[in-house]
Structures are given as structure tokens and as C-alpha cells.
Amino acid sequence: MKIAIPIDESKTNVCPSFGRALYFLIADTDTGENTIIDNPATSSAGGAGIKAAQTVIDQNVKALLTPRCGQNAAEVFAAAGITLYQTVSESIDDTIAAFQKGKLAALQNIHPGFHGHGGK
Amino acid sequence: MKIAVLSGKGGTGKTLVAVNLADVATNSVYTDCDVEEPNGHLFFKPTEISYQPVSMSIPTIDNNLCSGCRICVDFCRFNALAFIAGKPVLFEDLCHSCGGCAMLCPKSAITEKQNTIGKVMTGNSQNVTIITGILNTGRASGVPVIREVMRCLNNKTGLAVIDCPPGSACVVMESIKDADYCVLVAEPTIFGLHNLQMVTELVQLFHKPFGVVLNKCTAEANPSESYCKNKKLTILARIPFDKELGEISSNGEIAVRCKPAWHEFFLKLLDIIIKEAGYEADTHNQR
Ligand code: SF4
Ligand code: SF4
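Here the protein sequences line up with chains A and B, keeping their order.
The first sequence begins at 1 in my numbering and counts up by one.
The second sequence begins at 1 in my numbering and counts up by one.
Take the hints with a grain of salt, since some may be wrong.
Cut-off 20 Å, straight-line C-alpha distance, at most; resulting in silico cross-link-like pairs (EDC-like, lysine to aspartate or glutamate) [what the hints assert, rightly or not]: (1) B:K45 to B:D180; (2) B:K87 to B:E112; (3) A:K103 to A:E75; (4) B:K87 to A:E75; (5) A:K11 to A:E75; (6) B:K87 to A:D94.
Source of the hints: derived by calculation from the structure; they are not laboratory data.
Note that the coordinates shown come from a computational prediction; the quantities given were computed from them, not determined experimentally.
Isolated chain B (complex conformation) (with noise of 0.2 Å):
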């Protein structure tokens, strides 16, 4: 099985929550698909890490050769060429590695290299496999890195943990795809409400059965808790404003491994999505 832990914007708490429930597990593998600032791996300090090299083909072209001809740059749909001077200029960024300008280019001016954009480390600690997607800085995509990232999961048995990069783009596409199950992670400000509304619009959007941890919990009014309760969204569970809690996971410790009531507090979220999943599962069955 595998739950995507996934958030608006970064420090609700999503970390504190994937980390948490992958240790919970008996035998679980915590996957960082943020791969702009993975940090899950600062919390298990995993050993035995062995890494990945992630590449993508990127044209290079040859300006002797050019003709001019512009084909390449009329072709390319994703815009990643330009035509200024009359030659063509690579918006590497942009570039998808499709081939197709290397192909159609009638000078064979354009030939396609190999650029490492990242890497996949794997590790261990403890119980957990821990898989995590590094993106070189600069890069506009992680989209590849996070494929690779997937490719080790699969690799891999146990109960998957996916934590996913903040917002809404490709790149959390990308992360909750295989996911059986998401996890929405919440804060209760007006702020917070707003980027719950941008997932719980992704997530719908993709078919995913879901459900929302509202963290830093207080007595105060929780705009996010009432957003729940009007679209009637599952609620996991609740997690209170813990100094506490703050305080470990800005040692880099896990609470589960410090505090027993910790430990049966995420165990028992654990149980909730596991049952929910299934719960889930069987109503699209029935569909």
C-alpha cells in the first residue's frame, strides 16, 4: 500500500507526519519526493546509503552545421527553442528530452547528451527503507528524479510512505500517481485553509481517496476544521500545538521513537487510513 503525504506549502507539519507514520510501521520504506528540499533523511540519519545518478537528454547543437532552418524550433511543443539571430537557442529548463528536434533536424546539427539533474539515495534506519529524490539546484523540474524515485519504490516491499513536494504542480502529480491513499495535512489559519483548498482540488481531481491531519491544533477557531466539516472531508485526526512536539522535531528526532504517546498516536492514525483505504477501495468497487 501506498500513502502520499502531501501539503499546499511547505512547514504544516507534512514531514512530521510522513516520517512518523513510515516509523510506526513494521516494515515501511519513507520515500521524499521533495526533491527541491528533501528532509525526511535529517530525521532517520539512515547508514548503508547507496546512491543513484539521475540524467536527461538535452540537444546541443551545432552552430556550424545550422542551416537555419528553423524546423527544429517550429516543432518543439513545448517551447523549449528559440529562434534569435538565426540560430536556435536551448531553453534547457524547458526542454522535455522528447529527441524530436535531433530527429527532424535535416543538418543533423543537433545531437542529444546525457546532464545528471539529481540523485535517488537509499538507506536504512531501523525498520524504514528511506528513498529520497536529491534535484540539482537550479533545475526547474524534478519530474524525472521523482520517476526514479518510484522506480526504487517498487523495488522495494512494505508499506510506502510518500512524502510529497509542497503545491500543486507536476512534480506533486507526479508523487501521488501510484498513491492508494493521500494524506492532507493542514493548518488551522486562513492561510492554511487556502492551500488545503488548492490539494483537496488535486487530489479529487486525480480520484484519490483522501483524508486531512489538522496540525498545530489550538482551542482557537480552525478555518481548516470548518472547511472539513461543510465538505463533509474525513478528518484522521487531530494533532495538538505541542511544544514539545516543536521542540523534537527541531532536534531532528522522531517522536515516535521518544515518546510512547507519540507512538500510539500515529499508530492509531496509521490504522485509520489503512481502514479507510480499504473502506475507500470498496465503495469505487461497488461503483
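So that you can see chain A by itself, here it is in the shape it has in the complex (with noise of 0.2 Å):
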């Protein structure tokens, strides 16, 4: 199964943001092979959790592990059917580990989204 994580420019760890993470990690935890693809909604205007979310649902993942995530890539990932799980550890391998033995939790930290120029 193919799963996702941002993460940040150690290519290490995880990323605390989703839609501005410079990397996604995908992971296949059935080879254990790993890739990493460039988030290219660091650099957009508006509209980046869609954008940084459609590149992940282009993978083909099932899953999401991420510390949190915007109300509008939430809804993208619902409607791909891509499931979203909190992550607890900043390491990778922990995280992965973690989700492999079934012990993350489902996704609650959904924060509303700002819209395209920044927050209020």
C-alpha cells in the first residue's frame, strides 16, 4: 500500500505543515521502496492545499500521515478516498512504523482554509 508524508528540507522529517511542505514522501509499505516528489504548491498564489493535494492523489496512495491539514485537501482526500491519519513523531521511520502496526489515530487536526492571499 502506498502512503504519503510531507515532509521538510532535511528530507528527513516531517513536515508541520501540509500544503507548504517542500516534499511529499511516498512510501510503499508493501516493497518498502520510498520516493520523494516536490510539492510545487510552495509556489502557489492560491489554492495550495487543493494543489499540494492533488499531487498526492496523483500517487495513487491510499493513505495520508500528516500532523495536520486544511479544511479544502480534506476535502479532496475525502472525496479520493484517501484516508488521513495524525501523526505523533517527527522521524519518518517512526511514523511509518507507527502506522504500519496500526497505531495512528485518525486525522483531527483539519484547520479551516485561508483564502488565496494569505490569512486574515
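Take the two lone chains and join them into the complex the hints point to.
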């Protein structure tokens, strides 16, 4: 099963933000194969959450492991049938291990979206 | 002349200043751009009210015609379209009504329909014309409503006082775009200072001449005032913390209509603003 995790510039830690993460780790839990892809939404003016979510669903993942997620992105994932899990550790390895043991809870931290031009 | 009144958050006295400034002028238009929560009209209680709807064209996608080519999704630079399970899905709040997706769709699966997103209310109260922008709840962007408000304003004569939305988002930028002078209302707290800094940066970004009105002033230290002095910002007036003024406002009354002392106060403030605006305009011309 393929899963996605937002990661920061170190490429070894989970990024606290989903939509603005620099990269996504796409991990295949069956083969143990990991790939890192760019998040094109980092440079987008508006709708970053949707663009980031689009990038992830285009990878055919079944689950997203993230500390938080915006409302719009969460809607895209819901429509695409992707389950969201809450990460508890900064370490990617711990996060994947916890997921495989079924220890991650469903994501609670869904925040309202910001309209295109920045916060209020 | 157009004066924009703004602050970093609601409840700082922004509406109080805007309403009273508009009321002391002999011929004025109070313009409420705080479209999510317009409340200036509650003070003016305007009569002879008329409404004008504001709509926006939003694409609708016919899934039966759609071939799933994804052209529309890849085109939309506002990311208002997502591609889910082989079909485009619209996120209406992010759509800027550019019409591009409908134009590009090879299957003509996208048509545009008009969606009402709010309205503009116009009315009168004594010497003041009141224009109020009202955004339907749940709508993310009030920009189209503010544009319509501005169009209505440009058909009127007299001094315009624009009550801006709180914060520094795109709706605020839209509201101050045409302003000749900006009045920043600040509270005497650390939090108030933070908000003042935020709006100061915004008006400076737009190269607008501006001054600060310090509200709820007491004998205690005022971080906002110290900031103004450090940054050499113009302090237009200090409104004292006044229980009676608070009561007048919470009763939905207009201070300058209730008490001659307040009338004098705001008339003087208006005078200062007009002089400042003129002075500032001159220094700009000399550059
Ligand atoms: S009208 Fe423009 S902004 Fe709206 S969905 Fe279509 S392409 Fe995107
Ligand atoms: S461009 Fe038209 S046909 Fe292609 S995905 Fe969009 S709606 Fe469907």
C-alpha cells in the first residue's frame, strides 16, 4: 500500500505543514520502496492545499500521514477516498513504523482554509 | 476625497471613528466595506433603502459530457479545480471567475452560471449617504462585493469615509485602493500594537499617506503611541477611554449627534485629516 507524508527540507523529518511542505515522501509499505517528490504548491499563490492534495492523489496513495491539514485539501482527500492519519513523531521512520502497527489515529487537526491571498 | 479607516482587528473603534467622521462632514458617504460584518448602518439607521445584488460567474461541469482530459484542472492557476476519480471538481470559494476553464474545455462540458454572493445596500441618514456591502455567509472572498460598493461610491459626491474590513487580507487592499488618505485606529495594548504594525506595513506598501488615531487612551503606558513616536508616524488624535462614549456606541447611537463635545472633537479630527492629506499630497508631487 502506498502512503504519503509531508516532509521538510532535511528530507528526514515530517513537515509541520501539509500544503506548504517542500516535499512529499511516497512510501510503498509492501516493497519498502521510498520516493521523494516536489510539492509544486509551495510556489502557488492560492489554493495551495488543493494543489498539494492533487499532487498526492496523483501518486495513487491510499493514506496520508500528516500533523495537520487544511479544510480544502481534506475535502479533496475525502472525495478521492484517501484516509488521513495524525502523525505523532517528527521522524519519518517512526511514523511509518507506527502506521504499520496500526497505532496512528485518524487526523483531527483539520484547520479552515485561508483564502488565496494570505491569512486574515 | 476618500478617507479609509482601518485597523488590524475588529473592535478597536474603527467603526466608531468612521461613523463619526462621516457624520460631522456636511456632505458625506459612509461606505462600509467590512462586508462580513457590516455594522455602521446600525448606527445610521438609514431610510430610503435600495438593494443591488452582486453576483459572480461560477463554472458548472457536466460530468456526462466530460471526457476527463484534465485540461481545465491543469489550466486553473487558482487551483480551484481538483481532479478526483477521473473528473474535475470545483472549489467554488477559490474560483476567480476568469472563465478560462469553460473556454478551453474541448467537450464544452463547462458552462458558466451566475451565482449571487452578496448585495450592496444604499440608504440615507440626515446628511449622510450610507453604502453597505454585504457578503453572503460562507463566502470566502468579499472582493467582488467591495468592487460593487466602490462602483456605487463613485456615482456619489461628497466626502467618502470607507470603513475597511479588519486585518490585511485582499479585501482590505481592495478597500484602500482608491483612498486618498488612510486613518489607522489602534488600541493601547501590546496586541493593539501588533495589529497597528500589520496595517502600517500594508498602507506603506500601497504608498498611501496615513495617520494614526489612538483609541481608548488612559494614563497608562501606550505601546501603540510609543511605536508611532519611534517610527515618526503622524498621530491624528487621541480618543480618551470614556465610559459614556462606550455606552453611546453600545446603544447604537452616534456620539457626534448626542454630544456637542464629541461633535467638536471629530470635526477637529476631520480638519486635521484633510490638512494632512493635502500636505501629504503636496510632498508627493514635489518628488
Ligand atoms: S473560472 Fe477560472 S478560476 Fe474559476 S475554475 Fe475556471 S479556470 Fe479556475
Ligand atoms: S476540460 Fe472539459 S472534458 Fe476536460 S476534464 Fe475539464 S471538463 Fe472534462
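Now the hints, each set against the structure:
Of the pairs offered as hints, the one joining K45 of chain B and D180 of chain B is violated, with about 27 Å between alpha carbons and a cut-off of 20 Å exceeded. Between the alpha carbons of K87 of chain B and E112 of chain B the distance comes to roughly 17 Å, so the proposed pair stays at or under 20 Å and holds. For the hint pairing K103 of chain A with E75 of chain A, the CA-to-CA distance comes to about 24 Å; that exceeds 20 Å, so the pair is violated. Note on K87 of chain B and E75 of chain A: the hinted pairing holds, with a Cα-Cα distance of about 15 Å set against a maximum of 20 Å.
For a cut-off of 20 Å, the pair hint linking K11 of chain A to E75 of chain A is broken: about 27 Å separates their Cα positions. Only pairs whose Cα atoms come within 20 Å are accepted, and K87 of chain B paired with D94 of chain A is rejected, the gap being roughly 36 Å.
The structure does not agree with the numbered hints 1, 3, 5, 6 stated previously, though it agrees with the rest.
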